[in-house]
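Heads up: the sequence shown runs through residues 805 to 1137, numbered per my numbering.
One or more of the hints may lead you astray.
[What the hints assert, rightly or not] Mimicking DSS-like on lysine-lysine, the simulated pairs with C-alpha atoms at most 25 angstroms apart in a straight line are:
id, residue 1, residue 2
1, Lys-853, Lys-813
2, Lys-837, Lys-813
3, Lys-1130, Lys-1032
4, Lys-887, Lys-1032
5, Lys-1117, Lys-1130
[Said to hold, decoys possible] Label-pair restraints from in silico Cβ distances:
id, residue 1, residue 2, range
6, Ile-1134, Asn-1078, 54 to 60 angstroms
7, Pro-1097, Gly-927, 43 to 49 angstroms
8, Asn-1060, Ile-890, 34 to 40 angstroms
To be clear, the hints were calculated from the coordinates, so they are not data collected in a lab.
Cβ coordinates follow ideal geometry from the N, Cα and C atoms, glycine included.
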Amino acid sequence: MPTACPLTKTAIDLVRRHPQQPARSLARMLVEKSGGALTIDSARSRIRKIIGQNGSATRKKAAHPRPARAPGEGLPMPKTKAKPRIPYRMPVVGRIGIISDIHVPYHSNRALSAAVSYLQSRGIAGLLLNGDFADFYSISRWEKNPAERDLAGELHQVRAVLGWLRQSFPTIPIVAKTGNHEERWESWLWQHAPEISAETAMGLRAWLHLDQHNIELVENRRIVMAGKLPILHGHELPRGQSSPVNQARGAYVRTNHSVMVGHGHRTSSHAQSNLWHDEACAWSTGCLCDLSPDYASVANQWNWGFAIVDVAKGGTYSVENFRIAKDGSIRTS
């Protein structure tokens, strides 16, 4: 069987990689690839032969035939690479505990224990870890203390806390939504191991042993729905409007919708009605981590906190947003 010449191979490769480009555009690319060895007419003839546009007699022999178009028919619209963003729906109706920003291994034992004990006493039907349950300090892009860089130790601590949470709530669904700190893992893989970054074994689910604890992982900044209430970690929103003095109001201004967020480590709420007096409410939850880390040790205005969303049939809901005092006592916001 005769071997195709290098320019023909190049032309076939161009057709394969640019299936929506017209023959003339592909011919220009081929002329450039040939270094001037082909004219635009000879290059176009070669391309048309490959895609079967040199007449019906040659279409059967074309290497990459394209459907024949009627005279005057335009090019088909190229397929989009956009993917629909479908919210994740909490798989329970009833009382759902919302805790965020634990930042293991820089969590607060007192705050986390207080939140979990209270949620146990309220008999929650589901638990949402709303982002930043892990810190991933060791692989952050920020300046790091070399003495604190211990990725293996961090992973061990996160697994241990997730196991403790499953032990504390042995029968209910637990859902973990990734925040900006968990996204550090994917970013680190893209930079240091891009060839294997897409492997299932390299994902957070595998490294944090989530299947072992029957914990569902929600990634890619998907919105979590508790009934009709959208829940974001908060880093999905632009900083300027989502980090004002009142974080809940900032979240409302950006979304124009009732919403709950974490990320800002501050408990707040905001209510606003429209022209027809339909009221929307927004909430931000406090954190369960150390309140004075090295990178924000003074006047950060953080507080410990968590929330409960009580979802009724039909999706209506009520929200309780709690603060945790320094002594571990629970206070309503």
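Those earlier numbered hints the structure runs against, lowest number first: 3, 5, 6, 7, 8
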